[in-house]
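Asks: Below are the chains, spelled out letter by letter.
2 protein chains.
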Amino acid sequence: MEIIFVGMKIFKAVKSLQDNSLRLKLEGKSIGFVPTMGYLHQGHISLIRAARKESNVVVLSIFVNPVQFSPGEDCRRYPRDFKRDCSIARNENVDIVFYPSSGQIYPQEYSSYVEVNGLSSLLCGKSRPNHFRGVATVCTKLFNIVQPDFVYFGQKDYQQAIIIRRMIKDLNMPFKIRVLPLLREESGLAMSSRNRYLSKTARENAAAIYKGLKEAKDLFKNGQRDAAKIKAMLKKKIKEIPNVRIDYVDIVDSKSLKSLSQVKKQSILAVAIWIDKIRLIDNIVF
Amino acid sequence: MEIIFVGMKIFKAVKSLQDNSLRLKLEGKSIGFVPTMGYLHQGHISLIRAARKESNVVVLSIFVNPVQFSPGEDCRRYPRDFKRDCSIARNENVDIVFYPSSGQIYPQEYSSYVEVNGLSSLLCGKSRPNHFRGVATVCTKLFNIVQPDFVYFGQKDYQQAIIIRRMIKDLNMPFKIRVLPLLREESGLAMSSRNRYLSKTARENAAAIYKGLKEAKDLFKNGQRDAAKIKAMLKKKIKEIPNVRIDYVDIVDSKSLKSLSQVKKQSILAVAIWIDKIRLIDNIVF
Chain E
0 MEIIFVGMKI FKAVKSLQDN SLRLKLEGKS IGFVPTMGYL HQGHISLIRA
50 ARKESNVVVL SIFVNPVQFS PGEDCRRYPR DFKRDCSIAR NENVDIVFYP
100 SSGQIYPQEY SSYVEVNGLS SLLCGKSRPN HFRGVATVCT KLFNIVQPDF
150 VYFGQKDYQQ AIIIRRMIKD LNMPFKIRVL PLLREESGLA MSSRNRYLSK
200 TARENAAAIY KGLKEAKDLF KNGQRDAAKI KAMLKKKIKE IPNVRIDYVD
250 IVDSKSLKSL SQVKKQSILA VAIWIDKIRL IDNIVF
Chain X
0 MEIIFVGMKI FKAVKSLQDN SLRLKLEGKS IGFVPTMGYL HQGHISLIRA
50 ARKESNVVVL SIFVNPVQFS PGEDCRRYPR DFKRDCSIAR NENVDIVFYP
100 SSGQIYPQEY SSYVEVNGLS SLLCGKSRPN HFRGVATVCT KLFNIVQPDF
150 VYFGQKDYQQ AIIIRRMIKD LNMPFKIRVL PLLREESGLA MSSRNRYLSK
200 TARENAAAIY KGLKEAKDLF KNGQRDAAKI KAMLKKKIKE IPNVRIDYVD
250 IVDSKSLKSL SQVKKQSILA VAIWIDKIRL IDNIVF
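So the protein sequences, as listed, match chains E and X.
For the first sequence, position 71 (counting from the first letter as 1) is numbered 70 according to numbering that gives the first Met the number 0, and the numbering increases by one without interruption.
For the second sequence, position 62 (counting from the first letter as 1) is numbered 61 according to numbering that gives the first Met the number 0, and the numbering increases by one without interruption.
Careful: at least some of the hints might be erroneous.
Said to hold, decoys possible - Negatives, chain E to chain X, calculated, CB over 10 angstroms:
1. Gln41
2. Ser126
3. Lys155
4. Ser198
5. Lys238
6. Lys257
Stated by the list, open to error - Under the rule of at most 25 angstroms between Cα atoms (straight-line distance), these lysine-lysine pairs were calculated in the DSS-like manner:
7. X:Lys14 / E:Lys28
8. E:Lys175 / X:Lys28
9. E:Lys263 / E:Lys235
Unchecked claim - Reference listing, derived: stretches of chain E covered by chain X, where coverage requires no fewer than 3 residues with Cβ under 8 angstroms from a Cβ of chain X:
10. 23–37
11. 47–61
12. 137–150
13. 183–194
14. 275–284
Treat the hints as calculated values from the structure; they're not laboratory data.
We treat Cβ as the ideally placed atom computed from N, Cα and C, and that holds for glycine.
Between the sequences and the hints, there should be enough to build the whole structure, so can you do that?
Replies: Okay, here's the thing in structure tokens:
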């Protein structure tokens, strides 16, 4: 344990954080937990604020989880700025930052994994086959270490939130999940730590995604229920962005994540694209 | 919740047991947990007694876990006698019996599984490919429901104990595992709920397994280190049992469960056989 910001503790070792959490629980303290990969933005801050409101102790984890990246992906160049993250956390009255090394989380001979079947193979799971297994596994570990009463996820990673919710229910984990709204930059681009890797032009161009999502919602409002037509409009719109490649554009059921041919209220329009090799996701709820 | 034995509570619902456990933890009580599939024998009783010694509250679960059986296996005809189990539990001063239905544990849309790679595909995992995934999953669930400080397993299911130990460590589960010695009937046959399905003759014949294991140990004591030779002796011995079929006879490392060609101290000699279609396992430590 190491204290570098007044009033906020930073833990790097699994055991010391877990012991601390078990002690807090015995004292009857409630723990709100915000798991992140760091490089915090307003979306993360909204999660921290929600945790601050309903828990005695707020724990923020910062860990770029190698197990949820595939070999060709951006694990190594995922943006990191621990000092900046700590000063944001301190400003938001976070009590504890958990900042483990990969070796702390995945020691030699590590071999246990959590899988949520079905949900994990749809949407992002198609192009990132082991991604959600990695997410479910690291979350299970972090939850066991932090011993939360509440955990907080953002709706930008809609599929992730659904999968974690399912896992918590299936495995009888003894706490509640809160899923908070997606936040957007002024241009409408969904906030993401990865946005910083977009060139100025790409960042401006990427705003077209949200414009397309809004148009899709307008089509729905005006009576359009044919998923194929709404998707075609959005794909066309996205393809106008320079250097873009579409991973998927899909309209799915909000719980099963299965593709729909008829759009209903609460259906999800979800997209994933690459711009300049940066992968972005976004979604809206009809 | 339902009370049918004075001083011992029986829970059938996940939520009521979990709430009760969380309350006990808040009160600072330690919980010792013995997960079983019921039809208790002296082996289970030794686990209960160990739990009774070191915990304030002893929880025994009785659940024949369908997910750890393959289609052709004996899930349906696995021996059950809830009343007899309860009276044994009461006698041993168990505080709480958890006796859920399959629907309580695996509700509709259930889809989350825990896997311990590597270890799960060796020995019993070869002929029972999803067995340990089912065991790891149900244990994770039961642990989250019961909130134990200590969990107890028998060494008869050596591979199971190793896998659960690995899972607890890997997933940072906040409690300790105790693995207790295998117990034997007077004949030397390893105690198992499945023994009751053996005919009188088969039960007598099955005692040859332990005789073979002891001979193997004698060979080792007399300097034999060649695993192939020890296995050949044991296989020959077992094949003399009428109506027997060998699943495996193997000498493995006590931690990695990998096959050894040279036997060492602490190596495990593990066997699985079918007699009259009843599958029996046994092992000794060199």
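Asks: Run every hint past the structure and note whether it holds.
Replies: Results for each hint:
1. Gln41: holds, 30 angstroms
2. Ser126: holds, 21 angstroms
3. Lys155: Since the minimum Cβ distance to chain X is about 23 angstroms, Lys155 of chain E lies beyond 10 angstroms and the statement holds.
4. Ser198: holds, 40 angstroms
5. Lys238: Since the minimum Cβ distance to chain X is about 35 angstroms, Lys238 of chain E lies beyond 10 angstroms and the statement holds.
6. Lys257: holds, 12 angstroms
7. X:Lys14 / E:Lys28: Distance of about 21 angstroms is within 25 angstroms: holds.
8. E:Lys175 / X:Lys28: The hint holds at about 23 angstroms.
9. E:Lys263 / E:Lys235: holds, 22 angstroms
10. 23–37: Holds, because 3 residues of the stretch 23–37 of chain E bring their Cβ atoms closer than 8 angstroms to Cβ atoms of chain X.
11. 47–61: violated (count 0)
12. 137–150: holds (count 5)
13. 183–194: Violated, because only 0 residues of the stretch 183–194 of chain E bring their Cβ atoms closer than 8 angstroms to Cβ atoms of chain X.
14. 275–284: violated (count 0)
Violation of the numbered hints given earlier is confined to hints 11, 13, 14; the remaining hints are satisfied by the structure.
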